[in-house]
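Q: Residue-level listing of the chains:
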Amino acid sequence: MEQEYLTYKESARRSMHALLANFDDTILLGQGVSDPIGIFGTTLGLIKEFGSDRVFEMPIAEESMAGIAIGLSLNGFYPIQTHIRADFMLLSLNQLINSAAKYRYMYGGMYEVPMLIRAVIGRSWGQGPQHSQSIQSTLSHFPGLTVIMPSSAQQLEAAYLEAREKRRGPVISLEHRLLYDYSFNIRDRNPAGPTVARYGTDVTIVATSIMVIEALRAAEWVFKHHQISCEVIDLHRITNIDIEIVIDSLKKTSLVIIADTGYREFGVAAELVRLIVEQGFSLLGKPPEIVTPPHCPTPTSHALEQFFYPTWGLIVEKIYKLLIPKFDVTTYAMPSRSTVAESYLQFKGPF
Amino acid sequence: MTLKIINMSDRYENLFRSTLRIRRIEERIASIYASDRIQSPIHLSIGQEAVSVGVCAELSKEDLAFGTYRGHALYLAKGGDLRLMMAELFGKVTGFAKGKAGSMHLADSAVGVMGCSAIVGSTIPHATGAGLAAKIAGNDQVVAVFFGESATNQGVFHECLNFATLHRLPVLFVCEDNQMAIHTLNADITGYSLRELVSAYSIKYAAVENGMDFIHIANRAQSSITRIRRGEGPEFLHVHTCRYVQHVGPGTDVGFGVRSEALINKWMAKDPLYLADDLVKKFISEINAEIDEAIDFADSSEFPGASQLLEDIS
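Same order as they appear, the protein sequences are chains A and B.
Read in our numbering, the first sequence has 498 at position 68, and its numbers run on one by one without any break.
Read in our numbering, the second sequence has 163 at position 98, and its numbers run on one by one without any break.
Source of the hints: derived by calculation from the structure; they are not laboratory data.
Bear in mind the structure is a predicted one, so any value in this text is a computation, not a measurement.
Any given hint could be a false lead.
Computed footprint of chain A on chain B, listed as stretches where at least three residues anywhere in the stretch have a Cβ under 8 Å from a Cβ of chain A [as the list claims (entries may be wrong)]: (1) 94 to 105; (2) 156 to 162; (3) 179 to 186; (4) 192 to 201; (5) 218 to 225.
Note that CB positions come from ideal geometry on N, CA and C, so glycine has one too.
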């Protein structure tokens, strides 16, 4: 098979470039879009190529930025907003929820405000309680917004083009900081939207964002050690969840693990459990297992971080719990939390 | 010279008629409110109509306007369709938003009424963004945004003044200063001078003390809009006015202990609509017939059906 590797970060830049180059009405705006960091490299050089009328450096004023994007959209342009931390987007929720999400509905279809908002989930390296939050369920609660979490370079590029070409309202994409430096073979498969990332028959793992990578690692581990066959579903779209792909998988496996970067309380996992219970209750061999952070703010110290963030080792434990209940994880060389943390130690900050 | 005088007189009569028309429409809305055909809150502009009339007289159809939940006057002055508005207020499917907007969210894309929000101050950035769009597009469009004096307490107002002045955006900020934040005197909650604040952002500021004087407002707006259209950046028009009615609903707030009847009477004494019976007589039957027709249209229209509940979401 042909190979062409691209990092998540490179795909984001390629996508931004393509949208600016191919659609004259695209405007990129955000804090840092023209600075030397360029949203972790994803907007570097764009202001030079497309000019300061297409790429706008924005004041540190998130509510107005979201509102200005609404005005741009209403008056003929397609804005792409960036937030280097999703936490900062919380300041613009008034505009996003009270206006953008409702513009089409409230005016009976007279107006539409298509736009793309990119926000980075900052988990990496001591980012603490205000630089690392996964706010997908908060955003998804309100009708009118489309929320996606691209888990790969391919997903990101396909999703942004789809948002530009087909979506009539605001699309919010949560990009995970730790995905940025991962390389993906973009010829490997061409997923777009909710997709089966790995086929299997014993247990279904539904995952979001970087938890897709974690789930794939866990699947590899349990296959290697115990020939357990996991089916990994990349949920991708948090709003209007593709529950059919989950139900179809459950028909094969009857067991499900849900792995999300956000809290389980009122979260994506809770919503998935609702949908599964409503639409596939009789398919469930055992209660669903959930892998999410505990319901506490993100701690900063790495000593606590390693117990906060869910990792593939936890998914492995859940797989054993469902499939080999008598398996004693304490006597087996499990992927420990500290070894998992090692894999992120390559990250050297500062942000 | 004679021609000019006639033109001036026509202009006065046009603006008078426009103001009178909005007044009568809202008075009619108030008078039928008890019939429960309008089953949602109404925020009347009665007393403040001249602000919208004066400014919109100087805007072209291609210019855009954003407003607030107190939006009847703006919608009508900008040329919004009365029948579609009345049907919307009645919750009918023939309303401009098929009954999903109601009185607080008026819009008419045919004449550039881009939306009215029930969240105080929240359309200010929409107008700023629309102004940015006009600037990027390189056309001579002007965007006007109407808001009350208490909306200037919102952080987003300050954010937008900064952005608009930085990029010299073609935005006219129109502050309808009725001194009241719901039932609180704005003076009790505001610690700055609007003139000084706006000037600090290097935005040209003009005040109109008599917000009943639609000609004066139009003249001020005309000067500002001409400069804005030439690319000279945003401007701010601060119009002192008075809503005769209470914040929401058809009644009065006199007797609530905040505003006196004398204050309202002082404004009414300057109100051209109470001072020119001949002009009222000249226009009133035509206006009343138009309102009757719009109410008939609303009354005879259908309500939206359940199948429309989930339309136009995302």
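Q: Now tell me if each hint is right for this structure.
A: Here is what the structure says about each hint:
1. 94 to 105: violated (count 0)
2. 156 to 162: holds (count 3)
3. 179 to 186: holds (count 4)
4. 192 to 201: Holds: 9 residues of the region 192 to 201 of chain B have a Cβ under 8 Å from chain A.
5. 218 to 225: That given contact holds, which follows from 4 residues of the region 218 to 225 of chain B lying within Cβ reach (below 8 Å) of chain A.
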